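Q: Residues per chain, in single letters:
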Amino acid sequence: MAMLKAILAHPSGRIGAAIIVLYAFLALLGALGLTPHDPVQQFRIDRLKPPSATYWMGTDLFGRDTLSRLMVGIGQSFVIAFASVGLAALAGSLIGLFAGWWGGWADGVLMRMMDVLLAFPAILLALLIIAIVGPGTFTSVAAIAIVYTPIFARVVRGPTLSLKRRDFVDAARTFGSSQTYILSRHLLLNLVAPLTVQVTLALAWALLTEAGLSFLGLGTQPPAPSLGLMMSEARNLMQQAPWLLAFPGLTIMLGILGFNLFGDALRDILDPRTQERSS
Amino acid sequence: MSYLARRLSTFPLILLGVSVLVFFSIRLIPGDAITAMLGTEAGLLTPAQRQALAAYFGIDQPVFVQYGRWLAGVVQGDLGISVTYGRPVLSVILERFPLTLELALLSMLIALCAGIPAGVLAATRNERPSDLGIRIAAMLGQSTPSFVIGLLIIYVLSVVFGAVPAMGVFTPFRADPLANLGQLIFPAITLGFAFAASVTRIARSSMLDVLNEDFIRTARAKGAPARSVVWHHALPNALIPVVTLSGVEFGYLLGGAVIVEQIFALPGLGRLTLDAIGQRDYALVQGSVLFIAFNFLIVNLLVDLAYAALDPRIRLGRR
Numbered sequence: 000m001a002m003l004k005a006i007l008a009h010p011s012g013r014i015g016a017a018i019i020v021l022y023a024f025l026a027l028l029g030a031l032g033l034t035p036h037d038p039v040q041q042f043r044i045d046r047l048k049p050p051s052a053t054y055w056m057g058t059d060l061f062g063r064d065t066l067s068r069l070m071v072g073i074g075q076s077f078v079i080a081f082a083s084v085g086l087a088a089l090a091g092s093l094i095g096l097f098a099g100w101w102g103g104w105a106d107g108v109l110m111r112m113m114d115v116l117l118a119f120p121a122i123l124l125a126l127l128i129i130a131i132v133g134p135g136t137f138t139s140v141a142a143i144a145i146v147y148t149p150i151f152a153r154v155v156r157g158p159t160l161s162l163k164r165r166d167f168v169d170a171a172r173t174f175g176s177s178q179t180y181i182l183s184r185h186l187l188l189n190l191v192a193p194l195t196v197q198v199t200l201a202l203a204w205a206l207l208t209e210a211g212l213s214f215l216g217l218g219t220q221p222p223a224p225s226l227g228l229m230m231s232e233a234r235n236l237m238q239q240a241p242w243l244l245a246f247p248g249l250t251i252m253l254g255i256l257g258f259n260l261f262g263d264a265l266r267d268i269l270d271p272r273t274q275e276r277s278s
Numbered sequence: 000m001s002y003l004a005r006r007l008s009t010f011p012l013i014l015l016g017v018s019v020l021v022f023f024s025i026r027l028i029p030g031d032a033i034t035a036m037l038g039t040e041a042g043l044l045t046p047a048q049r050q051a052l053a054a055y056f057g058i059d060q061p062v063f064v065q066y067g068r069w070l071a072g073v074v075q076g077d078l079g080i081s082v083t084y085g086r087p088v089l090s091v092i093l094e095r096f097p098l099t100l101e102l103a104l105l106s107m108l109i110a111l112c113a114g115i116p117a118g119v120l121a122a123t124r125n126e127r128p129s130d131l132g133i134r135i136a137a138m139l140g141q142s143t144p145s146f147v148i149g150l151l152i153i154y155v156l157s158v159v160f161g162a163v164p165a166m167g168v169f170t171p172f173r174a175d176p177l178a179n180l181g182q183l184i185f186p187a188i189t190l191g192f193a194f195a196a197s198v199t200r201i202a203r204s205s206m207l208d209v210l211n212e213d214f215i216r217t218a219r220a221k222g223a224p225a226r227s228v229v230w231h232h233a234l235p236n237a238l239i240p241v242v243t244l245s246g247v248e249f250g251y252l253l254g255g256a257v258i259v260e261q262i263f264a265l266p267g268l269g270r271l272t273l274d275a276i277g278q279r280d281y282a283l284v285q286g287s288v289l290f291i292a293f294n295f296l297i298v299n300l301l302v303d304l305a306y307a308a309l310d311p312r313i314r315l316g317r318r
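Taken in order, these protein sequences are the chains called A and B.
Residue numbers 0 to 278, in numbering that gives the first Met the number 0, belong to the letters of the first sequence in order.
Residue numbers 0 to 318, in numbering that gives the first Met the number 0, belong to the letters of the second sequence in order.
Watch out, some of these pointers could steer you wrong.
Claimed, not checked - To be clear about the criterion: a stretch of chain A counts as covered by chain B if any three or more of its residues have a C-beta under 8 Å from a C-beta of chain B, and this derived list gives those stretches: (1) 24 to 32; (2) 79 to 87; (3) 108 to 115; (4) 123 to 131; (5) 210 to 217.
Claimed, not checked - Distance windows between CB atoms, simulated: (6) B:Arg5 x A:Ala8: 22 to 32 Å; (7) B:Cys112 x A:Val39: 40 to 50 Å; (8) B:Phe293 x A:Leu160: 45 to 55 Å; (9) A:Asn235 x B:Pro266: 16 to 26 Å; (10) A:Ala170 x B:Arg226: 47 to 57 Å; (11) B:Glu126 x A:Leu89: 44 to 54 Å; (12) B:Asp213 x A:Ala170: 30 to 40 Å; (13) A:Phe42 x B:Phe63: 51 to 61 Å; (14) A:Val39 x B:Tyr2: 49 to 59 Å.
Just so you know, the hints here were simulated from the structure itself, not pulled from any lab data.
All values reported here derive from a predicted model rather than from experimental measurement.
Heads up, the beta-carbon is just placed ideally off N, CA and C, and yes, glycines get one too.
Working from the sequences, and respecting the hints, build out all of it.
A: What follows is the structure in structure tokens.
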């Protein structure tokens, strides 16, 4: 509750939270089928209509309603972003935690593996995974998760190295706490703050990556709506129907902005050093 | 062991990991290289012809033998023959690399020229309207995907000015500097936009830290002009995080900007690799990914060394 208050008291946090809640609401309406029109229905007679009372954000080349497609597209982007970041945070945290805790050769092997993934160009790694498995929602989730896992591993490993030398960990050992208990109760709980900030910022990157993959035609497959794909389809129509470029572009930008603002606010709140700087 | 030697000693290991990952994963992609290369004409090949082609490209052997042979070649600077181009992979990569390098340098130049003054201005006017304006612009810049900026630029150029940037065939700088810059300036602005936003944010936050330091107070107390305090005393000290960020971003850009290259139809390293994946050109994918990873590691090492050179208090590798 105190955290929520702190976020709402922070200007960036307030705007970020408002954007995220609005997007979640639109995505929910989209998922429940409560869109103004069927997002895949083609109103052939109303092809490339500019924004109007019937079609608030106009229609595309096939006469499909842009707003309805955006609402479903936001949901699709959110599902991919949350699932991929969740997976990356889980896998990366476990790798970072064990690498930091065990140290020695296990640390060396695990972190060199992470270095390999980091040295591999992110978008090309995602493209390679998609080429192997074939494009689709699950592939996008897996590809983005693999790309971001090393970042979480690094975020967790550093603090784990310093935390394991702290007195309270020695005390827990003296009391006979098991390794699993110390890792889950003492270490992981102390890592919640940096992890939360990283997760929020990673959500913004994941939205960006998902939109990029869809733009290249390697994410969500048509006729399912996706923000990046909508932009890609609008490329050749920018002169006749600029709204097809403007609305998805603004939607992607605003969504990423929401998570960036929220992440910044969280970082300010959880890290006193940055708090001083931004206040 | 010195920091440099220790870092360099991890390079072969990381590159070996990258090579294993790319070599075996690309072979998991359904379809074979010869069919991808010849398309429907592959059906016209006799088994003997297919076998001869496979032997020529070295893909007729068991996969571990292929890897061993390829790795032995890599060590000697031979990255294999591209199925698509019928030429050594290294020569294909080196043909595309100047564009990628130039685009990365130009984007970094734009980002630094816009980002550093904006960050300094925001820090010196902390919490004033100009600071808030710059912070909002930087946040928007960081939140805008490159393809949105790229398409917006193309839209403005084509619809408002009736001019479309030259696409397709790339003009090297040496052949025609003006045409070359005209071709690369818009892709560079596209890439430099988000880059500049990051530079602005880090420059602002670093400047705010430095402006609160004692030596700045001393300089002010001694009567140094405000402009001199900001640009001569504070800025050099605030540049270290900017150098780090720029170096890392530059390292990423050297890997090719797949999306921007796609939008502006530029034949860079990113599109080369993307197309090579589509064409199952194993040797080319392996070679270009390894080349990109190598550049990335070198740039990151240089960033760390620059970091130590800029701040004598930092001694790399010492605990």
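Q: Does each hint fit the structure? Answer for all of them.
A: Hint-by-hint comparison with the structure:
Beta-carbon proximity to chain B at under 8 Å applies to 0 residues in the stretch 24 to 32 of chain A; the threshold of 3 is not reached and the given coverage is violated. Note: the stretch 79 to 87 of chain A has 0 residues with beta-carbon separation from chain B under 8 Å; the three-residue rule is not met and the coverage is violated. Under a criterion of three residues with beta carbons nearer than 8 Å to beta carbons of chain B, the stated coverage of the stretch 108 to 115 of chain A is upheld, 4 such residues being counted. Requiring three or more residues with a Cβ within less than 8 Å of a Cβ of chain B, the coverage given for the stretch 123 to 131 of chain A holds, as 6 such residues are present.
Note: the stretch 210 to 217 of chain A has 4 residues with beta-carbon separation from chain B under 8 Å; the three-residue rule is met and the coverage holds. Roughly 46 Å separates the CB atoms of Arg5 (chain B) and Ala8 (chain A), a value that falls outside the hinted 22 to 32 Å. A C-beta distance of roughly 46 Å is found between Cys112 (chain B) and Val39 (chain A), which places it inside the suggested range of 40 to 50 Å. For Phe293 (chain B) paired with Leu160 (chain A), a C-beta distance near 29 Å fails the hint of 45 to 55 Å.
For the pair Asn235 (chain A) and Pro266 (chain B), the beta carbons lie near 21 Å from each other, so the given range of 16 to 26 Å is met. The hinted range of 47 to 57 Å is satisfied by Ala170 (chain A) and Arg226 (chain B), whose Cβ atoms lie roughly 55 Å apart. With their beta carbons about 39 Å apart, Glu126 (chain B) and Leu89 (chain A) fall outside the hinted range of 44 to 54 Å. Distance hint for Asp213 (chain B) and Ala170 (chain A): a CB-CB separation of about 39 Å, consistent with the stated range 30 to 40 Å.
Distance hint check: the CB atoms of Phe42 (chain A) and Phe63 (chain B) are about 57 Å apart, consistent with the given range 51 to 61 Å. Between Val39 (chain A) and Tyr2 (chain B) the beta carbons are some 57 Å apart, a value that agrees with the proposed interval 49 to 59 Å.
In summary, the numbered hints that this structure violates are 1, 2, 6, 8 and 11.
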